[in-house]
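A.B. asks: Once you've looked at the hints, dock chain B with the ligands against the given chain A.
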Amino acid sequence: MTLGTHPLYGPVDDVATQAGHVGHPPRVGFFTDTSVCIGCKACEVACKEWNAVPEDGFNLLGMSLDNTGMLGADSWRHVAFVEQPRRLGRQDGGVAGLPVGPSSTSYAAGVVAGRLRQAERGGGELGTAPLDPGVPGGGPPPPGGADRMDFRWLMLSDVCKHCTHAGCLDVCPTGALFRTEFGTVVVQDDICNGCGYCVSGCPFGVIDRRPTDGQAHKCTLCYDRLRDGLEPACAKACPTDSIQFGTLDELRDRARGRVAQLHALGATEARLYGDDPDDGVGGCGAFFLLLDEPEVYGLPPDPVVPTRDLGRMWKAAGVAALALAAAAFSVFVEGRR
Amino acid sequence: MSWSGDGSREAAMVPPAEVDTYYGRPVLKPPVWKEDIAYYFFLGGLAAGASLLAAGADQTGRLRLRRGTRLGAVGAIGLGAIFLVRDLGRPDRFHHMLRVAKPTSPMSVGTWLLTAYAPLAGTAALAEVLPRRWRRTTLGRLVDTAARPAGVAAALAAPAVAAYTAVLIADTAVPAWNEGRDLLPFVFSASAAASAGGLGMLVAPPEEAAPARRLAQYGALVELVASRQLERRRSPSVEAYLTGDARRCLTRARGLTAGGVLLSMLLGRRSRLAAAVSGAALLAGGFYERLGIFRAGVASTKEPRTTVRRTPQAPART
Ligand code: SF4
Ligand code: SF4
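Quick note, the sequences are listed as chains A and B, same order.
Note that our numbering has the first sequence beginning at 1, numbered continuously upward.
Note that our numbering has the second sequence beginning at 1, numbered continuously upward.
There may be inaccurate statements among the hints.
Covered by chain A, per the in silico footprint, the following chain B stretches (three or more residues, Cβ under 8 Å) [unchecked claim]:
| id | stretch |
| --- | --- |
| 1 | 140 to 154 |
| 2 | 215 to 223 |
Cut-off 25 Å, straight-line C-alpha distance, at most; resulting in silico cross-link-like pairs (SDA-like, lysine to any residue) [said to hold, decoys possible]:
| id | chain 1 | residue 1 | chain 2 | residue 2 |
| --- | --- | --- | --- | --- |
| 3 | B | Lys34 | A | Arg121 |
| 4 | A | Lys315 | B | Glu231 |
| 5 | B | Lys34 | A | Pro130 |
| 6 | B | Lys34 | A | Ala119 |
| 7 | B | Lys34 | A | Gly214 |
| 8 | B | Lys34 | A | Asp213 |
| 9 | A | Lys315 | B | Leu113 |
| 10 | B | Lys34 | A | Lys48 |
| 11 | A | Lys315 | B | Ser235 |
| 12 | A | Lys315 | B | Arg228 |
| 13 | B | Lys34 | A | Gly175 |
| 14 | A | Lys315 | B | Leu266 |
| 15 | A | Lys315 | B | Arg232 |
| 16 | A | Lys315 | B | Val225 |
| 17 | A | Lys315 | B | Ala118 |
| 18 | B | Lys34 | A | Thr212 |
| 19 | B | Lys34 | A | Leu60 |
| 20 | B | Lys34 | A | Glu120 |
| 21 | A | Lys315 | B | Thr115 |
| 22 | A | Lys315 | B | Thr60 |
| 23 | A | Lys315 | A | Pro301 |
| 24 | A | Lys315 | B | Ser271 |
Output of the computed footprint for chain B on chain A, the stretches with three or more beta carbons under 8 Å from beta carbons of chain B [what the hints assert, rightly or not]:
| id | stretch |
| --- | --- |
| 25 | 27 to 35 |
| 26 | 213 to 226 |
| 27 | 233 to 241 |
| 28 | 296 to 303 |
| 29 | 311 to 318 |
I should point out that these hints are in silico values taken from the structure, not numbers from a laboratory.
Every residue, glycine too, gets a C-beta built ideally from N, C-alpha and C.
Just chain A, with the same shape it has in the complex (with noise of 0.2 Å):
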């Protein structure tokens, strides 16, 4: 469906000028390959700091490595963890066969889950607020086998994914979300009123609003920076070359390239995410690749744009506007009789 000149859904070729921009720079997104991840964190500190972005309390999750839980109004990168008992590619994880006992992972998650659920927002405050889920301490992991199996981790930056259709800034309406001259999203803080619409516009759960200061916040992929020519903070900052920033079609290339490189040497699970015009949302101007399944990393497998389908809400809408209004007037010639 379209509105106007604006496709609501599909692939778009140029989403700068169609929101208006003349003579615009290229696209430019992320293309963050998580099989590099080391899991140091800079990105998510060098955003922050970049950004000043505030602090979201200091709990430990029991994720893993992962104290940072969810992107949020206050947490523009976030690193995930995820344990498992299998081998990535032909590498060696050096636990095979030793006396270690099995992972505790799989226990810790039960109990994170169990406790998140309690939470106000079912855990969805992470990111953007304290949240304790007072996991038990450090003890040593629930006996088992004897064997610990082979282990690999799985760790990914997630970021805002700068949607081709965002959600988000569809939604907006007060204009305080925008798409700028680069093809990113980013809020204006002059004009945002903490409506919230866009918490729950956006497919990935990404943008939040900000509890102290009552308005929306999310990565502007360092606007600031991009006016003055310099990369993001956290591409900036990351020592692995997992996150890579550059325009959009030079990172799908690379991408695909990638994604080659590591079938050969026998990672045939690495695949991309978010890097289809095709998908959901238009295609991501930051995308991922990715070791498993989305929803490991915490990822929509499909997310949709909801404005997708605004065309057929209205219409539905509409009639039941037209039916409300019939039924109104019907019971008023009835009444004459």
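C.D. replies: Frame of chain A; chain B with the ligands shown alone:
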């Protein structure tokens, strides 16, 4: 892990590890909206339905029905607007809604709808409360003459006021709302009709309230059918309507709406008291309907499985 979106605070048993979610954490951000928004949905629908009744009452000379519904409409929309502004993170910036008109944002569309509707409903209501000695003044005469066209115009805008809020919540990533997108407008519009019918029965004597009774009957019937359909879809998010606080609200809504409308059909014509009781029941029913739908949406965002929907499962029926 089993679904337990019942909002209970009892300590959960340690569930088995979840392989397909990230530590059982939600994928989506649960709405930051407070239940104020549900109150507004009810009040906005009530106002819209009341304006429709008021215009009809005006045309057919039912003066007490007209007075009650005109005042009810303006009261409801006024109170609703307060809830809307209160829920903003920055209430002092509520007027930023008026700096753009954005067709892709149902909230923007709704803002402009309300901006048109509320003053019209207000003008019609003003004529009802104008003190006698002011009627002679030029301004008073102006209000008096403007009341009828304003009331008609308010009634023309009213159905959209009742229905747009359904689009507002459907156009989100909230699974229980988004997946209900084809039905929610019918639930909302019908619920608006039932509530307004209830108001009409409360404020007007039975001999004037026949249209209100009929509107309540139509509305209640469609509301009951449409909200039942909403709970019969095959989707993981449907669980959110069938469990917990949402379920309790929706059950209550159904009982109050059905009871109210039955009472009005049996005794509404004869007894003012019975009419008032059924009117109040219908209003409460409409309130719980919106609250239940609101809570179902919030609950559905807390459950990662509704978003991770590669393998849709048939919901467990209760
Ligand atoms: S919809 Fe979500 S992921 Fe996409 S641009 Fe907006 S906040 Fe970022
Ligand atoms: S909270 Fe701010 S940025 Fe988000 S939709 Fe509302 S006005 Fe726009």
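A.B. asks: When the hints from earlier in the document are held up against this structure, which numbers fail?
C.D. replies: 1, 10, 14, 19, 22, 23, 24, 25 and 27
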